[in-house]
Each structure stands twice: as structure tokens, then as C-alpha cells.
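Trainee: Residues per chain are reported as follows:
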Amino acid sequence: MDIGHLHYKTHNECTGLVATCTYSGSHDIPDLMSTIACPPPLVDQWLEQAHRFLMPGLWSIMPHLSAREDQRKVLFSEHVHNSSSDFNNVDRRYQILVVSTSVSAQCFL
Amino acid sequence: MLSVFCEVQPISDISLQALALEHELTNRNKSKLGYFTYPTPASRDLHTIFSEEFLLAIVDEAHQARKHTSKVYQALRDLAFRTKFPVIVTATPIIQSVMDAFNMGRLGRHKEFDGEGNNQLIVDICASIRSAQHKRRQNQKGEGTARLARGLRNGLALQSAPGPLDTYQEALAKHGRDIGKRLGDCGIRRTIESVDNLGNPIIHLPRPNIRILAVPLYDVERKWHMDRYAVERERRAGGVSAKRNSVCDNCICPSRAKSANFVI
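As they're listed, the protein sequences go chains A and B.
Residue numbers in the first sequence follow the numbering used here, run continuously in steps of one, and reach 98 at the last position.
Residue numbers in the second sequence follow the numbering used here, run continuously in steps of one, and reach 310 at the last position.
Isolated chain B (complex conformation) (with noise of 0.2 Å):
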């Protein structure tokens, strides 16, 4: 589990502003994505929870609102602008892109990562990724490699034996260093094994032990298995039970056709 521990945060009066022109800023450079309007707050309803204020907020399984395009990180993004201590807390810190590991501190708003400095960083990171990209694509270009035979040769590098990295891994790894850097300093990790000053686990979970144990049957569960499994063996064998033959008198059905069939 990773928590993400914040300074105590002012809460503005201003989130919206603030919001729109982080959202701006971000999406400078992806016009398209840029659909999200947001209300003024005289147009906020009174009874939803973006018109209180909050001493704490705990986001849960914040690793579902890591995208920055998403209606749930705008929401909790608002939301982490109206308390005082924000805390997100996940236990499945996946990642697909640098930017998702920057949303997830944004979401704690710790100084490191909120702040109008950090948009233009990200902004300057997410550049620096995708001219490290644009510069592999032209060099392989340059080698005279076909379309499809570069995104092969791209995915087979992955799953091969690490070697020289190109630019664009540099830029993922020098760029990923620095992001989890900086929710190392403000996150506190907790595991299974995690121990307290005294020793003792934080965690009073037992550690998993799986027997498997057989269990004798009842002299009555034993003749209904029985009975079931005999039932079963003559169905399949081809015959029809007298159960089975005497629920089927009164109607019309395959198996009372092919019952009379074998009458005769």
C-alpha cells in the first residue's frame, strides 16, 4: 500500500481558475482532448460535496483516477482543492506514462507537484519524451526501415534481453527516475512484512496458509453421491432412468419419443 502524505494546504477560493489553467497548460499541445468546461461557481449546485470544505480527504484506489483526462481525476482534482489534508492511498500503483505518476501526486497536491512552476515542468517533461520519440522515429526512418518492421522491432526490444537503451528509453528512464523520486519523499509505503519501532507488524494480517484437508462423508451425503453418479453412469450409457421415464409419461418430449421407440 502507498500513501501519499501532504503539507497542510490552503484551501482556495480559486480551485476553478486554478484548475482551468492547469488543464490548459497540460493540454496545450492535445487540442482535441480539451472538452472539459468548467462551471463558474455561481452555477454550483448547493447540495453536492464541491460546495463544503473538508478537513481530510482519503481517496481510495486513487490509481483509477491517474489519467488527467478523465471525469474522476477532474472531480477529485476539485475536490483535493477544497480540504485541507488530501491523502490518496492505493495499493496498485500502476503506471502506463510519466504523466500518470505526476497526476497521482498532483491528486495529494503536494508541493512537489502542485503548483503553477510543476505544470510548466511536466509540460517541459512530456516535450522532452515526445521529441525523444519524434528523434528515434526519424532515425529509424533514416536507416530505411518500413513502418510495420519499426513497430515490431520497437516491441521485440522490449521483451528481449536488456541492451543499449535509444534516446526515447533515456528520456522514460531518466524522466520516471525523477517523478517517483519525488513521490518516494512524500509517500509512505506499506507492505505485509512492514514492522513498527517495537517490532511488532503494523499489519495484523495472518500470513496465508493453505492445507487441504480431506473430509470423511456421512453414511447419508455418501448414498446420495452414489445415487447421483449411478443416475448419471446409465444416462450416459444410453438407457433412461425410471425417474427420468416416469416424469416424461405425461408429456412430449425427445426423451419419451425415444423411449417408446425402444419399447418397440
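Chain A on its own, in the form it takes in the complex (with noise of 0.2 Å):
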């Protein structure tokens, strides 16, 4: 869980560490993971691009590129959907989903 969201949750108030932790009136930042769709062939950009210029230790990358039954559900069940993971580290706290725009139009329906 995010830092600034569990002391917001236990004392009610901001860190004030983060200058921008306010948005739209409220301190409640979501724990949420966040996504990037883009091309199949843009992945591994997005993937080295954010090794590179993000703050190594704080973030868990993970790309999800086959639409295939069986290979989603390990992805899903045994890293973004179990606690134990290393994506879901506590030590990391923002978690990036990188998806392929054609991948998410064959889980589509």
C-alpha cells in the first residue's frame, strides 16, 4: 500500500511530504495500479524507457503481452493478484501494468 495513503488512512491528514498529493480536494490517493496500452512493438520501449528514467526500487513493471488463456491466468493469479508477489512488493509502490493495445482488444470479448 502506498506510504502517503496509509498515514492518510491511520492519522487523517497528509504526509506533506509530496507537493502534489492533492488533487481534486482530497488527500485520498487510490491504491491502484497503473496501466500503459500501446503497440506490440512499443512494449519493450515503455519496459527499457522506465528502467531508465524511473527511480529504480520504487516500481514494479510488468508487461502482459499474450492473450492466451492459460498464460493470463498465471500473470494474473501468481504476480498482480497475489499479495506475496514481488509486483505487489511493499517496498514499491506504484505497480505499472503494460499492456498491448492488441491484446487488451482479444480479451475484450
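These are calculated hints, taken from the structure and not from any lab test.
Glycine included, C-beta positions come from ideal geometry on N, C-alpha and C.
Take these hints with a grain of salt, some might be off.
Restricting the straight-line Cα-Cα distance to at most 20 Å, the calculated cross-link-like pairs of lysine to any residue (SDA-like) are [said to hold, decoys possible]:
1. A:K62 / B:L92
2. B:K117 / A:Q95
3. A:K62 / B:E98
4. B:K117 / A:L54
5. A:K62 / B:S97
6. B:K117 / A:S55
7. B:K181 / B:T191
8. B:K187 / B:S177
9. B:K113 / A:Q95
10. B:K113 / B:G161
11. B:K181 / B:V169
12. B:K113 / A:S91
13. B:K227 / B:N164
14. B:K181 / B:A203
15. B:K113 / B:V135
16. B:K117 / A:R57
17. B:K117 / A:E58
Which residues of chain B face chain A? A partial, calculated answer using Cβ under 8 Å [said to hold, decoys possible]:
18. H93
19. F96
20. F100
21. L102
22. A103
23. V105
24. Q110
25. K117
26. Q120
27. A121
28. L122
29. D124
Far from chain A, by Cβ distances over 12 Å, these chain B residues were calculated [what the hints assert, rightly or not]:
30. E162
31. Q166
32. E189
33. N200
34. E239
35. N255
36. I258
Since each chain comes alone in its own frame, lean on the hints to assemble the complex.
Mentor: So, in C-alpha cells, the structure goes:
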């Protein structure tokens, strides 16, 4: 869980450490992961850029490249929904799921 | 690069119903295109991204999903309903119709594009453009122009110097300007010339500087190239090189037959 979110829940006030933690008049930043939907050839580039520019250790990044049912089940049950996985590590405050648009279209219907 | 940032959006549980309603509204006059059937929430697979909720969704190359009948658009539109901050990013803001621009804004769920009132708005805009097109066709029919000649004239009018606009072009320009202004209000445009408050470039790419340099060859390289050149020249002149002849001694190929004839 996000440290700022945890602090807000226990003390009902903002940590004050992050200047941009207010939006829409509320301090309650939801503890949700983020996603990047890009064409399949650009998934590698997004991963590479994220590893190059983001602070290491704070982020966990996972590519979602296959729409096959067995592989999807492994990804979601063993990594995304598993609270003890490296993707859900407590030290890592932000989670990114890089999805290719073709996979999202195939999973949609 | 054009990015469309949006306000905080409530994650709705009825995204499927909203999508179905929107789809029905936009395709009311085109029933042939309405072949998408939205799944019920109960039939949803738990191991897809459509069972999750997201804080931020960045849609890269959003122009690929500008057609509202494409599957990619439908999926990304559903994804946008599940995120707090939908952001669309494109460096190729190509549009072929007013509806395309509207769809790109709708992927970002901005209030200028999202909602039932705006659904009705785009339906009215499409209807007015279609009626203007119909009116122009009727006018040209009244003049007695043949159908092929009409198409040619409309095509040539686009390529020639700008003249007075007809009703269809006026409608296109008016609604295109309206939608473009809406996109511009919620978008951020970044080019290589963009600077921040202090005057520093935001995009740290070097300017392209192409120079052609003459690189001298090493002696070994020059000898290798000259040898190949000599062999090629000999082959083109009609003779067969010694190397090729030796290779073809043990096989039956046209070059061996040719060399044999040459000997005889």
C-alpha cells in the first residue's frame, strides 16, 4: 500500500512530503496500479524507458503480452493478484502493467 | 506530441451499460455496423485487465483507436471507464473525419467529450454533415451533371486553389473547428521547440545534424574490394574466373557446360 495513503488512513492528514498529493480537494489517493496501453512493438521501448528513467526499487513493472487463457491466468493469479509476489512488494509503491493494445482487444470480448 | 489530460473521473460500475448506450446512439443511423454485443459483467473473465481498476492509464499511439467501430477503440474505451486518470498520447494526430477527433477525445473521458449530452451532440453533428453532403449532391444533380463527373469535380476542387466553400465544406469546417477547439482546450502540445519557464528545452533530443564523411580504407580492405571488383568485371565481360571454374568441375551446371564449350 502507498505510504501516503496509509498515513492518511491512520492519521487523517497528509504527510506533507509530496507537494502534488492533493487533487480534486481530497488527499485520498487511491491505491491502484497504473497501466500503459501501447502497440505491441512499443512494449519493449516503454519497459526500457521506465527502467532507465524511474527510480529503481520504487516501481514494479510487468508486461502483459499474451491473450492466451493459460498465460493470462499465470500472470494474474501468480503475480498481480498474489499479495506475496514481487509485483506486490511492500517496498514498491507504484505498480505498472504494460499492455499491448492487441492483447487488450483480444481479451475484451 | 499531443497529450490529452483529464480531470479525475469516477470509476463507474455501469461502464458496460454506458458503452452499450453510447454505441446505440452513435450507430443509430448505421445499423449495419452494430455487430458488437457487449458482455454482461457476470460473464467477465477474472484474469483480464477488464476485471481491474487503475489509477492512471496511458494510451500510446491513440490515433490507432480513432474509429469507434474498431475493437481496439471499444476495449480502450472500456479501460478508460476503469481509470481515475485516463491520458491519451499521440505524435500522429491524423483524423479523417470529425467523428475521429471526437473519439480521440472521448478515449480520454474529458467532460467536453464524455457523457450523454455529448453523445447527442456528435449524433447531431454527423447528421448535419450528412445532410449538407446530401444537399450538395442534390444541387449538383439539379445542374444535370453526370455522377462520374460530379465525383471528378469534387475531387479536383480539393486539389485546386481554395475557392468559395460549398455547403458541405462549410459544415465540415465549422464542426471541425469546434471539435478541434475542444481538443485544444484539454490537450498539451509538445514539440522539439517547446521550452519550460526557464527557457530550457523540455525534450532533450539533439537537433539532427547529418554530415557525410570520407573514411579511408585500410590496405587489406582495399585489396579485398579490388579483388572482388576484378572478379565481377571478368564475369560480366563473359569469361569465367578460375575460382568458379574449379568449383564447377565436379558438378553439372550451366557454367561448367559453358566452360567446356569454350575449351572445345
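Trainee: Now, for every hint given, state plainly whether the structure supports it.
Mentor: Hints and how they fare:
At most 20 Å may separate the alpha-carbon atoms for a hinted pair to count; K62 (chain A) and L92 (chain B) meet this at roughly 9 Å. The straight-line distance between the Cα atoms of K117 (chain B) and Q95 (chain A) is roughly 8 Å, inside the 20 Å bound, and the hint therefore holds. As the CA atoms of K62 (chain A) and E98 (chain B) are separated by approximately 14 Å, the hinted pair is consistent with the 20 Å bound. Taking the CA atoms of K117 (chain B) and L54 (chain A), the gap is about 17 Å. The hint holds against a cut of 20 Å.
For the hint pairing K62 (chain A) with S97 (chain B), the CA-to-CA distance comes to about 13 Å; that is within 20 Å, so the pair holds. Proximity of K117 (chain B) to S55 (chain A) is assessed by CA-CA distance (about 17 Å); at most 20 Å being required, the pair is judged to hold. At roughly 14 Å between alpha-carbon atoms, K181 (chain B) and T191 (chain B) fall within 20 Å of each other, so this suggested pair holds. For the suggested pair K187 (chain B) and S177 (chain B), the alpha carbons sit about 15 Å apart, so the restraint of at most 20 Å is met.
A threshold of 20 Å between alpha carbons decides the hint, and for K113 (chain B) with Q95 (chain A) the separation of about 17 Å falls inside it, so the pair holds. Straight-line distance between C-alpha atoms of K113 (chain B) and G161 (chain B) comes to about 18 Å, which keeps the hinted pair within the 20 Å bound. Taken as a hint, the K181 (chain B) and V169 (chain B) pair is honoured in the structure, with Cα atoms around 18 Å apart against an allowance of 20 Å. The hinted pair formed by K113 (chain B) and S91 (chain A) meets the criterion: a straight-line CA distance of about 15 Å does not exceed 20 Å.
Our distance criterion of 20 Å between C-alpha atoms is met by K227 (chain B) and N164 (chain B), whose separation comes to about 15 Å. At most 20 Å may separate the alpha-carbon atoms for a hinted pair to count; K181 (chain B) and A203 (chain B) meet this at roughly 17 Å. A threshold of 20 Å between alpha carbons decides the hint, and for K113 (chain B) with V135 (chain B) the separation of about 16 Å falls inside it, so the pair holds. Restraint check for K117 (chain B) and R57 (chain A): the C-alpha separation of about 17 Å stays at or below 20 Å, so the hint holds.
This hinted pair checks out: K117 (chain B) and E58 (chain A) have alpha carbons roughly 19 Å apart, not beyond 20 Å. The closest approach between the C-beta of H93 (chain B) and any C-beta of chain A is roughly 4 Å, which is under the 8 Å cut-off, so the hint is satisfied. Interface restraint check for F96 (chain B): the shortest CB-CB distance to chain A comes to about 7 Å, inside 8 Å, so the restraint holds. A distance limit of 8 Å between C-beta atoms decides the matter here; for F100 (chain B) the minimum to chain A is near 5 Å, and the interface restraint holds.
Look at L102 (chain B): its Cβ gets to within about 4 Å of chain A, closer than 8 Å, so that hint holds up. Interface hint at A103 (chain B): satisfied, since its Cβ lies 5 Å from the closest Cβ of chain A, which is below the 8 Å cut-off. At about 5 Å, the closest approach between the beta carbon of V105 (chain B) and any beta carbon in chain A falls short of 8 Å, and the interface hint on this residue holds. Against a cut-off of 8 Å between C-beta atoms, the interface hint on Q110 (chain B) holds, since the closest Cβ of chain A lies about 7 Å away.
Taking 8 Å as the C-beta contact cut-off toward chain A, the hint placing K117 (chain B) at the interface holds, the least distance being around 4 Å. Hint status for Q120 (chain B) relative to chain A: holds, with the closest Cβ pair at about 6 Å, below 8 Å. The beta carbon of A121 (chain B) is positioned within 8 Å of a beta carbon in chain A (closest approach about 4 Å), and the interface hint is therefore held. At a threshold of 8 Å, the smallest CB-CB gap from L122 (chain B) to chain A is about 6 Å, leaving the interface hint in force.
The interface hint given for D124 (chain B) holds, since its Cβ lies 7 Å from the closest Cβ of chain A, which is under the 8 Å cut-off. Consistency note on E162 (chain B): stated as away from chain A, and its beta-carbon is indeed over 12 Å from all of that chain's, at 22 Å minimum. Taking the minimum C-beta to C-beta distance to chain A, about 26 Å, the non-interface status of Q166 (chain B) holds against the 12 Å cut. Once the 12 Å rule is applied to beta carbons, E189 (chain B) is consistent with being away from chain A; the minimum gap is 46 Å.
For N200 (chain B), the requirement that its beta carbon stay farther than 12 Å from each beta carbon of chain A is met, with the minimum near 34 Å. Non-interface status of E239 (chain B) relative to chain A is upheld: no Cβ of that chain comes within 12 Å, the nearest being about 22 Å off. The non-interface label for N255 (chain B) is consistent with chain A: the shortest C-beta to C-beta separation is roughly 24 Å, beyond 12 Å. Distance check on I258 (chain B): its Cβ is at least 29 Å (rounded) from any Cβ of chain A, clearing the 12 Å threshold; non-interface status holds.
Taken one by one, the earlier hints all hold for this structure without exception.
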